[in-house]
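Undergrad: Okay, here's what each chain looks like letter by letter:
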Amino acid sequence: MRTLALCAATILTAAPAAAETLRWARAGDGLTLDPHAQNEGGTHTLNHQIYEPLVLRDTDGELVPALATEWEVSEDDPTVWRFTLREGVTFHDGAAFTAEDVVFSFERALSDNSAMKELLGSITEIRAVDEHMVEFVTDGPNPILPSNFTNLLVMDSGWAEENDAVEVQDFAGGETTHAAMNANGTGAYVVESREPDTRTVLTQFDGYWGQGEFPLDVTRIDFTPIQNPATRIAALLSGEVDFIQDVPVQDLSRVEGAGGLVVRTAPQNRSIFFGMEQGKDDLETDSIEGENPFADVRVRRAMNMAVDRQAIQRIVMRGQSDPAGMIAPPFVNGWSEALDALPEGSLEEAQALMEEAGYGDGFRVQMDCPNDRYVNDEAICQAVVGMMGRIGITVALNAVPKAQFFPLVTGDDTEFYLVGWGVPTFDSEYVFNFLVHSRTGDRGSWNATGYGNAEVDGMIESLSSEIDEGARDATIEAIWERMAEDVVYLPLHNQVLNWGMRESVEAEVDPEDQPKFKRFSLQ
Amino acid sequence: MSRMARAWDSDLAYGFRRSPLAVLSLAVLLMLVAGAVLAPLVAPTDPFDPASLDLMNGFTPPLTENEFTGERFLLGTDDQGRDVFSAILFGMRISLMVGVLAVMLAMVIGVSLGLVAGFRGGLVDSVVMRAADVQLTFPAILVAMLIFGVAKGITPVEYRDQMAIWVLVLAIGFSDWVQFARVVRGATMVERDKDYVQAARLTGRGSLSIMLRHVLPNVLSPVLVIATISLALAIIAEATLSFLGVGAPPTQPSLGTLIRIGQDFLFSGEWWILAFPAATLLALALSVNLLGDWLRDTLNPRLK
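Protein chains in written order, with my numbering: chain C, 310 to 832; chain G, 4 to 307.
Hints are supplied without guarantee of correctness; some may be wrong.
Said to hold, decoys possible - To spell it out: a stretch of chain G is covered by chain C in this simulated footprint if at least three of its residues, at any positions, have a beta carbon under 8 angstroms from a beta carbon of chain C; those stretches are: (1) 43-55; (2) 107-118; (3) 234-243.
Claimed, not checked - Only some residues are given here: those of chain G computed to face chain C with a beta carbon under 7 angstroms: (4) P23; (5) L24; (6) L27; (7) E74; (8) Q83; (9) D128; (10) S129.
Because the hints were derived from the structure by calculation, they are not lab data. What you are looking at is a predicted structure, and each value in this text was computed from that prediction instead of being measured. In this text, a Cβ means the ideal position worked out from N, Cα and C, and glycines have one as well.
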């Protein structure tokens, strides 16, 4: 088996690398190059090398200028945000970057197929004031609008029109477009070649505006998704790759002990949790006809008690996680120690709750789980299958790669699933908009639980225009309490990031797990 | 003379007694098969019942006391706290069952087609043998993966776990019939012109009856050899498919699935998760293979 792993690793290194090439590997590939088609971390990470947003976060979580140099609320009207754009920026094909491109990109991100709509829900108008000034009008004062922009990447309007890419790719519908496979951004790297799930090569952009501002030591990025953890770690140990974003937790000490390699660790801004379909009258994959056991809050509460978070942390994650009682990490505004306390209750109490709900004999259901997205995702699912078994719920596990898994969640086609959520805005509103608000056209696109009621929806909608910070925080807390009471999700833990790299690679770990290679320096 | 005694004195049995390797192989194979068949009685835990697993037992080394639960396991536990020894016994059941059923399927298809092709000749022969040639141009594992993929696509999700085993049988069986067909066809072509067949024809027997009653028994000995060697290959094919993640599901692991799971821990020092299932697969495939080799040598008159 060792030979097998090594063989696989050897194949990856057919091309000898120049000194400035960074060979980068992680478990899964970006799903698409279309920057608005999927709101998914791995996809954004790849696209951030090629495209740029108006504002970005540094590794401390502070907003810093990217394509915008300044931003402020208009003095005359609190519902208008004014962004001054960077001058002298060009796209990879030489076209100049102007306000028109920003208006086009944001309108595109608000269009039907876009996965980014929830971030822009409060925007009513986007207007170009002049070549280098854009104004965003919101339906009420929105003090945190800029923090919603960190993953909104700007495309070239002319290129999109020429290449039939004005419409966002319908990812869940299985569509492929020119923009899904090609890109024309302002970012530091240009797509040289792309084979999805196999290899993507990016080369440095000669005309990049940031020359002199960033190290830009990496001139070429050779990205290879390696799903198998043993193969991935073999590739790093044998020097086939320089940087892996997800060192398997079982191999941390091995990498640290190997000469010339280093693991850089930081808590990640990402929660892992389970969702259950609780809105439907009947489940498709369960063994009980005409009823939805998940619709009963007692069942959900019993399940929440049955999940042994400490055991998962200790054995599956080998200590590399922080067990959680809410689905947002401490980075996020709205997090509190009280809300994050682990659910109480013994196995016996959980069993009694199942009995009380009328499911003492248990039932069968299917769980969908990604196997190349989160740290030890499949092993977590397997462990939870066992824990559910103890309260009578027999779970059939369907573990698939994320490219097949995510459409199940965004298409509302799963009834019990594991998913992870990072919060690029560092504010709870983002979590609520995507995961808690009922599924309407503009909100709730990742809420596959069927949860939603007018009261909570109203509270969530009020957040974007509440200017009194104290009142806003109170509403956030009320929503979290309500979520805990209704057991909308089963929180599990927050991930810890382990980036493995050669000692010669100098990089600060980004809590959003989004390496920006222009910031890397090589010794 | 009783049947047993006659069997004991036969050439085959005599040759067997004289070959220590064959005796050893059979002993190992019988032991493994007995372990698999009696798994529910022998295994200390039921590895297919996820509810019975205690995650805190995870990664316990062989014969060592677990630091949290204080339990000990003969061959240690895997990442889910599953007893490796029990998992191997139960996993072997799946591997053996899939192997035996797949070979039987391949044998039925291959022998029937080969018999008809060899006996009839002409167009029927051409069609069957060209089909076999086409099949041979694809690696067996690729055909098996193709069948597996299609079957997975058309089975409803809730039955997938139960179906996985049968799909494996179909996938391996359908990719493995060619050898049987070729050998039986060749032997049948030799037999069909012999006098006893002509005599049977003269008595007015139908073709089907001649094929089954007269020709078939005379072409069976090479089939026995191929079946044995195919069994080893089928067990390996099942392990390969499961290793690639398209075979038995992780909640009902076969030997291949166990090896796939263990491979993740190859570099982290938990060697037992991989080593014991791999050694079992090796012993199983090797003993079947050695028996098959011995059988081929013994039944081939030219080698005597």
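Undergrad: Confirm or reject each hint.
TA: Cross-check of the supplied hints:
1. 43-55: holds (count 4)
2. 107-118: Since 0 is below three, the answer is violated.
3. 234-243: Violated: only 0 residues of the segment 234-243 of chain G have a Cβ under 8 angstroms from chain C.
4. P23: Result: violated, 31 angstroms to nearest chain C Cβ.
5. L24: With a closest approach of 27 angstroms, the L24/G hint is violated.
6. L27: At about 26 angstroms, which exceeds the 7 angstroms cut-off, the nearest Cβ of chain C leaves the hint on L27/G violated.
7. E74: violated (14 angstroms)
8. Q83: holds (5 angstroms)
9. D128: Since the shortest Cβ distance to chain C is 41 angstroms, the answer is violated.
10. S129: Where the cut-off is 7 angstroms and the nearest Cβ of chain C is about 40 angstroms from S129/G, the hint is violated.
This entry does not satisfy hints 2, 3, 4, 5, 6, 7, 9 and 10, going by the numbered hints stated previously.
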